[in-house]
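Chain A is already provided as a structure; the job is to place chains B and C on it using the hints.
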Amino acid sequence: MTAALIDLDHVGHYLHWGFIQLSVANAVIIGLMVVIFVVAIALPFRAGHRARRGGR
Amino acid sequence: MTALGLDGASGTQTLADAALQSDDSEWHGPVIRYDLAKEFVIALVAMVVLAVALAIVFSSPDEAPATITAWASSSPSDFLTTAVAELDGSSPTAGYGPPYNAWAPGEGQKIGPLGVERWVGVHTPVDTAHDFVLAPLGIIAKSDPALAAGLTRYESASAADQQQWTTAYTKALDKVSFSGSSVVVPPGRYGPVPTMMSALLQMARGGSLDGALLSSPRFYGTDYTKPLLFLADGSYLADKANAQHLAGNQWGMMNETGNYPGQAWLWLYTMWYQIPPFTHTGNADALIWSLMMLLSLALLLLPFIPGLRSIPKLVPVYRLIWRDHYRRLATESPGGGPRAG
Amino acid sequence: MSATTDPGAPAQATPDPDVARSRMWTSRLREAAVRSLPPEKLLPDTQPSYVASWVYVFGVLTLAALAVIIASGTILVLKGPSWWHLSKAGLFMNSIHLWSVELFMFFMVLHLWGKFFMAAWRGKRALTWMTGVVSFLLSIGAAFTGYISQQNFDSQWISTQAKDGLNSVGVGAFFNVLNFGQMLLWHVLLLPVVVVVIVALHLLLVRRRGVVRPLPLPAHRRSVSRETSPGHEQVVTAAAAATPTGGTTGSPLGAGPADKTS
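Residue numbers (the working numbering), protein chains in the order written: chain A, 2 to 57; chain B, 851 to 1191; chain C, 793 to 1054.
Worth flagging that the hints you see were computed from the coordinates, not collected in a lab. The structure presented is a predicted model; accordingly, all values stated were derived computationally and were not measured. Misleading hints may appear alongside valid ones.
[What the hints assert, rightly or not] Short derived list, chain B residues pointing at chain A, Cβ under 7 angstroms:
no., residue
1, N1099
2, Q1100
3, G1112
4, I1171
[To be verified] Which stretches of chain C does chain B cover? Using the computed rule of at least three CB atoms under 8 angstroms from a CB of chain B, they are:
no., segment
5, 849 to 856
6, 941 to 948
[Stated by the list, open to error] Here are a few chain B residues that sit away from chain C, every Cβ distance over 12 angstroms (derived from the structure):
no., residue
7, A944
8, D977
9, I990
10, T1002
11, R1003
12, A1007
13, D1011
14, Q1012
15, T1020
16, R1055
17, Q1094
18, H1130
Where a beta carbon is used, it is the ideal one built from N, C-alpha and C, also for glycine.
In isolation and in its complexed conformation, chain A is listed as follows (with noise of 0.2 angstroms):
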């Protein structure tokens, strides 16, 4: 139940633009978290029941 289905205990490896440099694990996270901003940004939201108009 705990070895892992996808080692990741080999060495990184890392992606280079200029000065930064990168790991493929983080930019993957990082990459996600844009995505699912735009995602949750851009799907519509079912509003439910709506307006309880008119108060008690």
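Frame of chain A; chains B and C shown alone:
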């Protein structure tokens, strides 16, 4: 209407009217049913499922700690070079200053004119010669008369003699070779230092130096200051870190061993270490710490900082977030529209 | 002792008839708490109609991740700091703890982005924003002590590097990252307690002020003024007719009765 305001006022205003009210007023416009408790339970289940799934798929890193034993066995010349430096006070820890030992005037990192590092006293005293070399050797000297004699000779020698021996030995280590358990250096005047260093190397390789540095006078210890400082003075730890992209100039603060995600949230903190002027100054730590404290303060006080607090109005993300609301407003009251800003 | 009870009014509306009791700290505390956060405000079952975007779920996801962190951390505490190095079940629990931390920071930052773009500090919500930022910074600190408490190579490297930054500003003397015992205690007790307290404050503030209104569209900011809007007059009339019930957040327009519902 009761003092506790049990319901009653939501939905009493039209959307247009409610939208005209100020930001700090209660909302009495249209509402929707929103089940917070259910939302939390769903979120909790989602997080448990995700965390468990990620744990099953990826597990977590647990790279075995470096030991002085491993260091001495795989890099004996680096170990000896470090050990001699600890003995003669030329190691990074020996010359560190507070909190480990006293300053020489003028040393220490500064923030502008402020010598912040110096203000704190010696709270965690470390005497590298005694703690890392002489005291551990004293333990095994009890059963090694030759070593005991060497130690006595060293400790009773003048400072000038000690310095001469250690300096000469350090130079000789450039040409060190190892034959079995013997340390072989070119002939020279080293006093008892070779005996001491060989013994220390053997002690380290045998595994007892790790424990000797850790043990506190009271049997139980959880403070690893001494063995960690000693390890960090050598290259062994740093070489392992470099291989894993954990070094300071590799954005290492963000990284984790292997291919695991690390601490992406530290990106800004570590970024400064990669760029001038911080790459060229010995005050980098203090300067960057202060800079990050300042930026954190700015984030904290954002609501009060003119200009910065207006950015959301200028960057129209909000128009997307509330597009349904604006559409409804336009439908309901084509003339009125949302309230004045 | 004067009894000022109006038999016609519901019990809760009447000031406490026992003057001595109304001076008691307990009564005053209770009444202040109920005034600022009556049950309907603490756990409302409605939200303003503009709370209709998936961006709004990042906060609760962060909170849920925090719950998983605490639960998994508690199990690790049960078996002590060596367990996860020696046992597969321990390693699995450590993995859950690590990944829930990644999820926590992931959603917390998304929550921060969302709240920033919504300028959620408006309408006397500065403290809500500030408690959020403090939670963020403290969480980084809590995670930091966690990484240092791992008792593996990673913690050796992180601690020997971090000490330089901390020592450079004098903090290292009191917060010794090389001292495993101290770091573990900070990680397991001190920082989680402080984080939870600040997060709780943050949540109470969110409920007290309610979810911030949408920003006004720029096209309408100049064209409509409060004084001339017909809708404003109706609102003011309604406000004049309502009985103020204290604890009102109030608005410059004096609009709306001081109800505690969302």
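If any of the earlier hints don't hold here, list their numbers in rising order. Hints 1 and 17 contradicted; others consistent.
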